[in-house]
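J.: Sequence:
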Amino acid sequence: MHATLRNTFGSLLLSAAMLAPMPGGVLAQDTAPAAGAASTPGQPQAQAVRIGFLRTYERTLALSVLDIPPEDIGLAGANLAIADNNTTGSFMGQNFELEVVTLAPGDDVAEPARQMLADGIQYIVTDLSADDTLTVADLAGETDTLVFNAGALDDRLRGEACRANMLHTAPSRAMLTDGIAQYLMWKQWRNWALIEGEHEGDQLFAEAMKKSATKFGGTIVGEKIFEDAGGARATDSGQALVQRQIPVFLQDLPDHDVLLVADESEVFGTYVPWRNWVPRPVAGTAGLTAGSWHPASEQWGGAQIQNRFEDMAERRMQSKDMQVWTAIRVIGEAASRTQSTDPAAIAEFIKGDDFAIAAFKGQRLTFRDWDWQLRQPILLGTEDSVVSASPQEGFLHQVSELDTLGVDEPETECSFAN
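Take the sequence shown: its letters are residues -28 to -1, 1 to 390, numbered as in mature numbering (1 follows the signal peptide of the UniProt record, and there is no 0).
None of these hints come from the bench; they were simulated from the model. All C-beta atoms in this analysis are idealised placements derived from N, C-alpha and C, irrespective of residue type, glycine included. One thing to keep in mind: the hints can contain errors.
Ranges of calculated distance between the beta carbons of each label pair, as one might list FRET restraints [unchecked claim]:
(1) Gly334 with Glu282: 37 to 47 Å
(2) Asp200 with Glu365: 19 to 29 Å
(3) Val359 with Val250: 17 to 27 Å
(4) Ser101 with Ser36: 17 to 27 Å
Given these sequences and hints, build the entire structure.
T.: Shown next, in the form of structure tokens:
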């Protein structure tokens, strides 16, 4: 069983709607007609652009209660993007509508994806696992529907498992680790020790970090695997135990400039900073972390979107919110530039040479035509502030410095003919 949350947003009205229980554990959320959405006598009916957002959410444990993802993670970004699209769309005779389906991890995604396609949804934005994202992309490919991956970081989705109808506004792991590696090399901190968890995401991040070291000249001088022994994450004696155990675990590492942590599974990473055996900066999934966005980012006009987002969601914008916002804004920008709601015309423009999107990162962003990954700067920061943004000064590229982040065209394993 899964709970499905559907909501349709009209033009500018994004206020909370009443929730009515539906049969089969389904919740339907409807909004009143948007201001300006209905045409007045003598005016043509606004043309609808229908976007689906298919996501999974489950309140998960984290080492810090502050790191538990909010229930509307990603969804709040979608709501803001629909409002932004309709601000322009109201002048263009375009009305953007959003249908949201929220599943629990492990639920079947094929059924709601098929229903979206049967209902005439023209674009699907996903925040799903890599395998589920591929399932949706393959189903959508049967009708030439574009899928925007706004959640999965897996490099294989941009490589051997790429799809011609699947675009990525979420950065790849390689982009994140390349962003970290560039900064460490810019600081001339060249020798790195690596602590990795034993779960799949941890291993994928560690592997990406090793490739980034090779790519930019860093050296992994030592590695250790942190075994997940399970047990309670919060006990009365927890802090005292961690304070004793973590330094002992790290004491036999070779001398290093930076301690890298690969712990996407939230088992131990938060415990590492300030508990090293030797005093060294920490980076990776703890300490200095990388993302497509940061709650403290206010450069390049970022204060404007942060303020609007905070007014709507009553919290600061996170990376996943930005990734979903960007995906929906890509559709809105293309509809505006083409002055069309025809999916074929919009898809052709998005994939063309003239497309670019502004996303409060200091430059206009474009898609790589070899894997449909969105080129974008990677923000590096601590919990409280942005430290830097990659690509770093001095890392050059013949096409775009943004292509120093992630897999470049000569190395890609993507073939849209597959």
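J.: All hints are to be evaluated individually against the structure, with a verdict given for each.
T.: Consistency of the hints with the structure:
Separation of Gly334 from Glu282 is about 21 Å and departs from the stated range, judged on CB atoms against 37 to 47 Å. Here the CB-CB span from Asp200 to Glu365 is close to 39 Å, at odds with the stated 19 to 29 Å. At roughly 21 Å, the beta-carbon separation of Val359 and Val250 lies within the given 17 to 27 Å, and the hint holds. Roughly 23 Å separates the CB atoms of Ser101 and Ser36, a value that falls within the hinted 17 to 27 Å.
Violated hints, in rising order: 1 and 2; the structure is consistent with all others.
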